[in-house]
Amino acid sequence: MANGENQNPNPNPIEATPGAAARTITLKTADGEIFEVEEAVAMEFGTVKSFFEDDAVSATKPMPLPNVSGSALSRVITYCRRSLEIRSMIPPATSEDATAAEAVQGEGDLEAEKAAKQERKEFEAEFLKDESNEDVKELILAANYLNIKELLDFLCRSVALRIQNKSVEYARKFFGIEGDYTPEEEAQIRQEYAWAFEGVDED
Amino acid sequence: MSSYLPEGVVVNILSHLPPKSLLRFRCVSKTCLALIGTPDFVSKNLINNSILNAKSQHPHPPFLLVKAREKFNSPSPFLGLGLGLGIASSCNGILCLHDHIQGDVYLWNPTSSLRLRLLPRPIYRPHTKSFLYCAGYGFGFDYMADDFKVVRFLDTLNTSFMADTDFVDVKLEVYNSLGPGLGKQLDTPFDSNMFNNFALYVRTKVYDNGFFYWWANPNKDYDERIVSFDCRNEVFRMTPLPDRSVIGHHREVCRSLMVLNGFVAMSVYPIRRKKKVSFSIWVLLEFGVEESWTKLFRIGHYFDFGRPLCFCKNGELFMENREGQLVLYDPFTQTTKNLQLSTRSSGVQAQLTNILS
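As you go down the protein sequences, you meet chains G and P in turn. Residue 51 in my numbering sits at position 51 of the first sequence; the count goes up by one each step and never skips. Residue 306 in my numbering sits at position 103 of the second sequence; the count goes up by one each step and never skips.
Because the hints were derived from the structure by calculation, they are not lab data. Just so you know, not all the hints are guaranteed correct.
Claimed, not checked - Below, in silico cross-link-like pairs of lysine-lysine (DSS-like), each with a Cα-Cα straight-line distance of 25 Å or less:
no., chain 1, residue 1, chain 2, residue 2
1, P, K233, G, K173
2, P, K540, P, K247
3, G, K149, G, K121
4, G, K149, P, K247
5, P, K540, P, K498
6, G, K166, P, K233
7, G, K61, G, K49
8, G, K114, G, K149
9, G, K28, G, K49
10, G, K114, P, K352
11, P, K233, P, K247
12, G, K173, G, K129
So here's chain P without its partners, still in its complex pose (with noise of 0.2 Å):
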């Protein structure tokens, strides 16, 4: 009997695969190439799919959720804190509010809007001559454990006259669950000097499914990397940036951090800005293997956009234009969808987040 398959099972069983061994499999025979393809964006082929199948294992597909203040109006449970609440995150319809003036962290239920949730002050106590200061959040829901996950990043700011660094130390504080007290806090791998260079970049975090993704720089002498932390198991990974010889010097591109399906990816576009500018999106598709950074597609100049935001789950990206409106830009077509939602008044925060049903 001849151990011979058919090209429809071939099919079948390639279409399961990840982008790497699919990008391997190229190799095997000339019908194996066609059938995969390259990473671009353009047709429907196996590795476009692979890379836009969601790696998550999670039940419940990631929509869009945009917020978009006109003016800033506290809802009724808020008022009297005070101009300092901003929206940190959101993870299946609640919203993760930060107070900068206070400190203080919120988890709110827009749909109850009674509820309201107070996170436990940081753990950490710093030295003395020493002042806390919170670098980032962290918000979702991790499907394994069926709970939901606040995750924040503590630094401290070393008031000291005589100090060498002005940073001193970076905390991690994992919250499993709205009860108060079960906080637990870890030791991060790196120092504040990680933290430094946040103004720089236009999204330098991002969390997505139980990963918390952000910009770092190790050693000052901008040897970028991504981290990520793995709210689940609790694990840090670091992974290069594409060499500058291939996306260009970090002062003369702009880079904005997302994720898609699961895959960390970047949007490159110049900083000094001409009349139109035409962006590049890159995927990583081995965290840690910097030659595994797959440039995806181009958005031509002839879009006017001013800012990309983060895909949605079919490819699709969602932009800011000029005007300060939404757009949602398909690049197996080409084509945009103008959302009419307006951006400008005081920013929007546009982040995927699932809804349970």
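Next comes chain G alone, as it looks inside the complex (with noise of 0.2 Å):
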């Protein structure tokens, strides 16, 4: 574009090339809010991947998300953006060139491994500080429904050091669920492995 011959002068340099890195995809929550999210991000969700791999679909029109609210979808994208960042801070595994270059890039690939693996902890750590139980939950439904593994794990895994030291009925209430069982039966289970009760946080 070097010559003056400005006939289609583009407000948005980016996007002279068909499908460059600026595209974004439209997305519409159950509250009617409407995200528009860099490609790369959006493609992050298993729901949306396969929705637009589906050839008859055009790519303008907002894509429907009634299962996920406003302020979930917004906190699920900052987490995959967040987290697509830091993997593009390991340099991906080259095949070719297998040379003595490869010996010194496997040093920098180390260090640089090392390194987004401590952002990825800080970052995690900081990302539920503040959230509480009811909030993760609708970060879970919003993961499950999206279909994004890794944030699904992170969430899960973060549940799981939040209830590992609390009460059978703690447990239930957060997982939704009621106890079925008599008396009798509960307490002949409670039985069963009794040191296991022993020492759990007061509700």
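If you follow the hints, you should be able to join the two separate chains into one complex; please do so.
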């Protein structure tokens, strides 16, 4: 485009080539909020990915997400965006050029991996810090519906940490499960591993 | 909006819980009971997986290093050191060797056979009229500190004619790196009586991922304990053994100390060996809690085993059969695989070790 022929002045120079990185996908949540998300981030959502892999679907209409609220989607997008950034810190493994250069690159890769791991650790620690159990559950349901494996695994791990020292009642409330034992049955089950009920946090 | 979570998600959450939590949450509902199951290494249910999932956070999976010495041929750096050399332990491809005669400890990397490091002589200076004796070693790699650690227990034998007890004192030395003179000495919260009964057990001490475990008798009247030493934080802890009524009197059963994924474990088998013997494997699900000793599984007498060695990371158990060969037993399928390595010649020391990539 060095020659002066500006027949089609493009306001957004990045979109000059079709399929470039700045393409966005529009999502519409259950409560009517519209989100414009970078394609790379939206493709982290398994549900969105399969929706757009279907050729008949046009990429211009907003995709409806009837099971996800605006606040949940906003948090999910934040997570996926950051996760992509961290993953890009690790250079991809190059199978070609297996030369001495690779040995040098190997050292650098190890350092990059370590740094990425540390970044992820800090980011994940911060991400759920102030979220209530109900908020975390909403995020889990969103991640489950949107089919985002990495986020779902992270959320489940975090929940496990939250509940591991809690009582049976607490777990029931969290899972939304009704206890279905008779009092006698429950007493017998408690008896089998009575030591596991010691040292549990107060509700 | 309902606050219920789909079952797939519940399973995902449960799969990250430690055994104690899972055993408690069996009570949550009948569905949870079915999902969690019982710790018996029969089916790959949630509780069995939880016991097998490595607790330790180190990045490299452990594997078994089996050292079988056919005849004693000193490798070249050791010529002239005599027959007292034995393997104390190993970690990350480095062997820790102990010369019983001279009392010296060496760290040797077999791949670079010339490299050899000698640990400094013990810091501990015993009183006169007493004799220094090394009661045990631990050697391993501390991933948090990114460094090797050697732990040495020192015991003094009182040679004075008038002494009431034979043993005086036990000290522990921790060496943080391979540099000279960087050892630290710690007092131990027990006396030498704790080490007196070493000879009674087939395996009396184990080192695993920064923890050193051994059998001990704090009071001479068979009130046995397993002691653990956390090399990282330099903390001692003790845990009782299962009651005699549960596993049998110590005169009748042989107990072998092992570690399964960071949990202390034990194999129990009768001393009086009839033709064939059955083994029970127990695991301690919460250190310090006697009731948390759980019988995991039994290996029937139709397998002609000699003794158990140690666990592999997916719950398989290395054993030695009566012909002295190394066998791998899978408790989930109850089948064995004969690895054809002969252990008879001069004893196999099978240990889990970690290898840096």
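Worksheet item: Which numbered hints does this structure break?
Response: Checked against the structure, no hint fails, so every one of them is satisfied.
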